[in-house]
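Model the full assembly from the supplied sequences, consistent with the hints where possible.
2 protein chains.
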Amino acid sequence: MTGTVERAGLIDDVESRLRRVARTVRRSMLDAMPDGEPVRWLYGPMREYPSRPGKALRPALCLSAGRAFGADPNELLGIATAIELLHNAFLVHDDIADGSEMRRGRPTLASTHGMAAALNAGDGLAIVASGVLRRATRTLDRDLADLVWGEFDTMALRTLEGQAIEVGWQIDNVEDVGPEDYLNLIMHKTCWYTTIHPLRVGAIVGSRGTVDLAPLVRFGFHFGAAFQIRDDLLNLVGDERAYGKEILGDLYEGKRTLALVHLLSSARGADLDLVRDHLRRSRAERSADTVRAIRELMDTYGSIAFTIEYAEGILMVAEQYFEQAFADAQPGPDLDFLRALVPYVWARWR
Amino acid sequence: MTGTVERAGLIDDVESRLRRVARTVRRSMLDAMPDGEPVRWLYGPMREYPSRPGKALRPALCLSAGRAFGADPNELLGIATAIELLHNAFLVHDDIADGSEMRRGRPTLASTHGMAAALNAGDGLAIVASGVLRRATRTLDRDLADLVWGEFDTMALRTLEGQAIEVGWQIDNVEDVGPEDYLNLIMHKTCWYTTIHPLRVGAIVGSRGTVDLAPLVRFGFHFGAAFQIRDDLLNLVGDERAYGKEILGDLYEGKRTLALVHLLSSARGADLDLVRDHLRRSRAERSADTVRAIRELMDTYGSIAFTIEYAEGILMVAEQYFEQAFADAQPGPDLDFLRALVPYVWARWR
Chain A
0 MTGTVERAGL IDDVESRLRR VARTVRRSML DAMPDGEPVR WLYGPMREYP
50 SRPGKALRPA LCLSAGRAFG ADPNELLGIA TAIELLHNAF LVHDDIADGS
100 EMRRGRPTLA STHGMAAALN AGDGLAIVAS GVLRRATRTL DRDLADLVWG
150 EFDTMALRTL EGQAIEVGWQ IDNVEDVGPE DYLNLIMHKT CWYTTIHPLR
200 VGAIVGSRGT VDLAPLVRFG FHFGAAFQIR DDLLNLVGDE RAYGKEILGD
250 LYEGKRTLAL VHLLSSARGA DLDLVRDHLR RSRAERSADT VRAIRELMDT
300 YGSIAFTIEY AEGILMVAEQ YFEQAFADAQ PGPDLDFLRA LVPYVWARWR
Chain B
0 MTGTVERAGL IDDVESRLRR VARTVRRSML DAMPDGEPVR WLYGPMREYP
50 SRPGKALRPA LCLSAGRAFG ADPNELLGIA TAIELLHNAF LVHDDIADGS
100 EMRRGRPTLA STHGMAAALN AGDGLAIVAS GVLRRATRTL DRDLADLVWG
150 EFDTMALRTL EGQAIEVGWQ IDNVEDVGPE DYLNLIMHKT CWYTTIHPLR
200 VGAIVGSRGT VDLAPLVRFG FHFGAAFQIR DDLLNLVGDE RAYGKEILGD
250 LYEGKRTLAL VHLLSSARGA DLDLVRDHLR RSRAERSADT VRAIRELMDT
300 YGSIAFTIEY AEGILMVAEQ YFEQAFADAQ PGPDLDFLRA LVPYVWARWR
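Residue numbers (numbering that gives the first Met the number 0), protein chains in the order written: chain A, 0 to 349; chain B, 0 to 349.
If you are wondering where the hints come from, they were derived from the structure by calculation, not from laboratory data.
Remember, it's a predicted structure, so these values are computed and weren't measured experimentally.
Accuracy of the hints is not assured; some may be wrong.
[What the hints assert, rightly or not] Here are the simulated distance ranges between beta carbons:
id	chain 1	residue 1	chain 2	residue 2	range
1	A	Ala326	B	Asp34	32 to 42 Å
2	A	Glu36	B	Arg134	26 to 36 Å
3	A	Ala292	B	Arg22	49 to 59 Å
4	B	Arg279	A	Glu308	52 to 62 Å
5	B	Asp30	A	Thr299	34 to 44 Å
6	B	Arg18	A	Val290	48 to 58 Å
7	B	Trp348	A	Ala292	50 to 60 Å
8	A	Ser50	B	Arg39	50 to 60 Å
9	A	Ser15	B	Asp276	55 to 65 Å
10	A	Ser50	B	Arg51	35 to 45 Å
11	B	Asp175	A	Glu295	51 to 61 Å
[What the hints assert, rightly or not] Sample of chain B residues lacking proximity to chain A, with all beta carbon distances greater than 10 Å (derived):
id	residue
12	Leu143
13	Leu182
14	Lys254
Every residue, glycine too, gets a C-beta built ideally from N, C-alpha and C.
As structure tokens, then:
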């Protein structure tokens with residue numbers, strides 16, 4: 000375990016590098032936006048999320064993994080930009096599906112422009128992402144380009160599958176969800192497109208398709224799971240300004256997070272009835288008082304502590320898999336950055 | 000002008016050919032669907048619209064234009080399937096944005112599975128469409144494949160632009176819309192992806208990129224406009240069972256169709272106030288009585304007659320442009336079918 004001072008330095012280094020990537024990728028995303036009409040109802044809304052400060056974790060992973068496996072940095076920027084654009088497309092549609100109000104510290108597209116305009120903006124971002132990826136892969140050998148495209152399609156479908164499972168659990172008010180169901184959910188919903196895909200596609204381009212993908216997937220899964228569980232925790236214990244989304248929003252939405260899964264399996268009597276009654280209601284019928292009461296039950300029953308312990312176990316496994324996943328990568332600042340990202344995702348507040 | 004008997008024969012021929020294409024493309028679409036989970040919340044809903052009987056106009060245009068310009072039929076089926084899949088993706092999202100209840104004679108996805116599941120299903124169909132197009136273009140020369148992909152991205156963006164303009168007019172309750180604004184709207188919203196793109200991409204593949212696209216665009220625009228105006232008319236005067244959508248649904252949604260544009264510019268006094276008041280309300284606040292009253296005003300002020308006359312003018316121009324657009328095409332059943340489609344789209348009831 001690193002000390003407090005050392006850890007603070009690590010976080011600063013990681014964040015300053017992420018900020019650099021975010022700036023570059025933001026410029027690249029906005030440059031890719033079509034210069035057409037209607038600005039007011041389509042192209043204006045499409046620029047909003049990409050203009051807001053994002054973490055840039057996904058493009059940073061792709062760029063660093065790619066370079067660590069020998070890629071020319073120029074051939075990766077377009078691919079990293081396409082990943083971040085598709086991420087923005089997902090965010091726009093997820094915010095509609097979830098009825099979310101805040102994203103990256105500002106109102107969601109649906110809450111300012113209406114659902115229909117937000118729906119179109121999300122579709123538009125996905126189309127622009129494809130166009131960017133197409134231009135980026137034109138310089139690659141055709142088989143390698145096909146490989147990258149296959150990865151992209153798989154990633155997009157995995158993410159949708161996860162999103163659909165989560166929505167389905169809420170629609171059907173599924174209560175018998177265990178930690179392993181939760182892990183399967185976030186493997187699809189988060190890990191594939193947040194960590195596994197950016198790492199894989201960077202490594203594939205860098206190694207010209209020769210890399211062993213299995214250990215990368217294992218590492219990416221554990222790393223991405225730690226990232227998602229941290230996200231769930233920030234939604235419960237975070238600071239809204241740093242986090243950029245509504246605190247306790249997941250409880251309003253009835254999302255089956257690890258803490259809620261734990262609470263459902265450990266709460267008893269009137270406490271369990273309270274949670275179940277809350278989940279049976281529609282979002283509009285859920286009260287702030289009940290949300291706060293459930294949040295307190297999570298302390299009473301140790302659901303927060305359980306979540307932290309669970310995630311720390313996953314994080315240790317991720318650290319073990321790291322060396323195996325990058326055994327054939329070149330040592331240097333890219334590999335150091337990737338290694339530092341593992342504790343970073345667990346220490347972050349945004 | 001052809002006689003009634005001759006015209007009935009023409010409609011039968013066109014419809015039997017469209018049915019054949021619909022069967023082939025439906026099978027091809029369903030074969031392309033991933034065989035994964037969750038079926039209940041994603042892959043099941045994704046199969047619903049492609050399983051319902053559609054007109055198959057778009058794939059039929061692509062296949063026939065392609066063969067008329069010399070394409071091998073096998074190399075076009077995947078492209079035609081991708082176009083129809085993207086069309087289905089658009090329908091799913093449009094039905095969400097418009098709050099529609101019926102599609103192809105059955106409830107919309109959003110009304111049976113909820114908005115969030117429908118949103119995911121539309122995204123999924125678009126991803127599968129990309130995958131199908133990717134496999135279909137793999138056998139083409141790489142430059143030709145890039146050309147096809149460029150066409151696909153342009154088409155998708157044009158459609159979104161049109162969809163966004165239409166939604167924007169409704170959100171801002173725009174009243175000063177003339178026939179030329181309406182034509183610009185449907186050029187984007189309908190013509191590009193319904194007629195222009197399928198014809199262009201078929202011709203590009205058939206001619207190996209050597210075809211002159213300008214006359215095809217001119218023909219496709221007028222042909223597509225006649226198709227859309229017919230669709231608007233069927234929404235006002237059609238038979239719900241054949242049409243498959245709610246009759247008068249456009250009036251509930253406040254869509255700026257040519258008939259409504261005409262009524263807004265010709266109604267006077269209390270009649271105009273009635274229309275304006277209706278349009279200012281949200282969809283939920285619009286009454287069936289007012290919708291019927293507005294429908295009657297369209298007869299009183301000659302808005303239906305104006306729309307018919309306007310469309311017949313456009314149809315004549317389409318017929319004139321047809322010969323120019325297909326001057327280099329091979330005579331035969333494909334060219335005959337394409338020629339017969341022009342009067343067909345204006346005579347159709349579904």
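| field | C-beta pair Trp348 (chain B), Ala292 (chain A): status relative to the range 50 to 60 Å that was hinted | value | holds (58 Å)
| task | State, for the Cβ atoms of Arg18 (chain B) and Val290 (chain A), whether the hinted interval 48 to 58 Å holds or is violated. | result | holds (54 Å)
| request: Evaluate the given range 55 to 65 Å for the C-beta pair formed by Ser15 (chain A) and Asp276 (chain B). | output: This hint holds: roughly 58 Å between Cβ atoms.
| Does the Cβ distance between Asp30 (chain B) and Thr299 (chain A) fall inside 34 to 44 Å? | Distance hint for Asp30 (chain B), Thr299 (chain A) is violated at roughly 53 Å.
| query | Minimum Cβ separation between Leu143 (chain B) and chain A greater than 10 Å? | reply | At about 13 Å from chain A, Leu143 (chain B) clears the 10 Å cut-off, so the statement holds.
| said: A range of 49 to 59 Å was offered for this pair. Does it hold for the Cβ distance of Ala292 (chain A) and Arg22 (chain B)? | reply: holds (57 Å)
| Pairwise beta carbon distance, Ala326 (chain A) to Asp34 (chain B), judged against the given window 32 to 42 Å | holds (34 Å)
| message | Please check whether the beta-carbon of Lys254 (chain B) is more than 10 Å away from every beta-carbon in chain A. | response | At roughly 12 Å from the nearest Cβ of chain A, Lys254 (chain B) sits farther out than 10 Å, so the non-interface label holds.
| message | Just to be sure I understand the hint, the distance between the Cβ atoms of Asp175 (chain B) and Glu295 (chain A) should be within 51 to 61 Å; is that true here? | response | Cβ of Asp175 (chain B) to Cβ of Glu295 (chain A): about 56 Å, so the range 51 to 61 Å holds.
| request: Kindly confirm whether 52 to 62 Å is satisfied by the beta carbon distance between Arg279 (chain B) and Glu308 (chain A). | output: This hint holds: roughly 57 Å between Cβ atoms.
| request: Look at the Cβ atoms of Ser50 (chain A) and Arg51 (chain B) and judge whether their distance stays inside 35 to 45 Å. | output: Hint holds: Cβ distance 40 Å, inside 35 to 45 Å.
| query | Does Leu182 (chain B) sit more than 10 Å from chain A, CB to CB? | reply | holds (15 Å)
Violated hints, listed in ascending order, are 5 and 8; each of the other numbered hints is respected by the structure.
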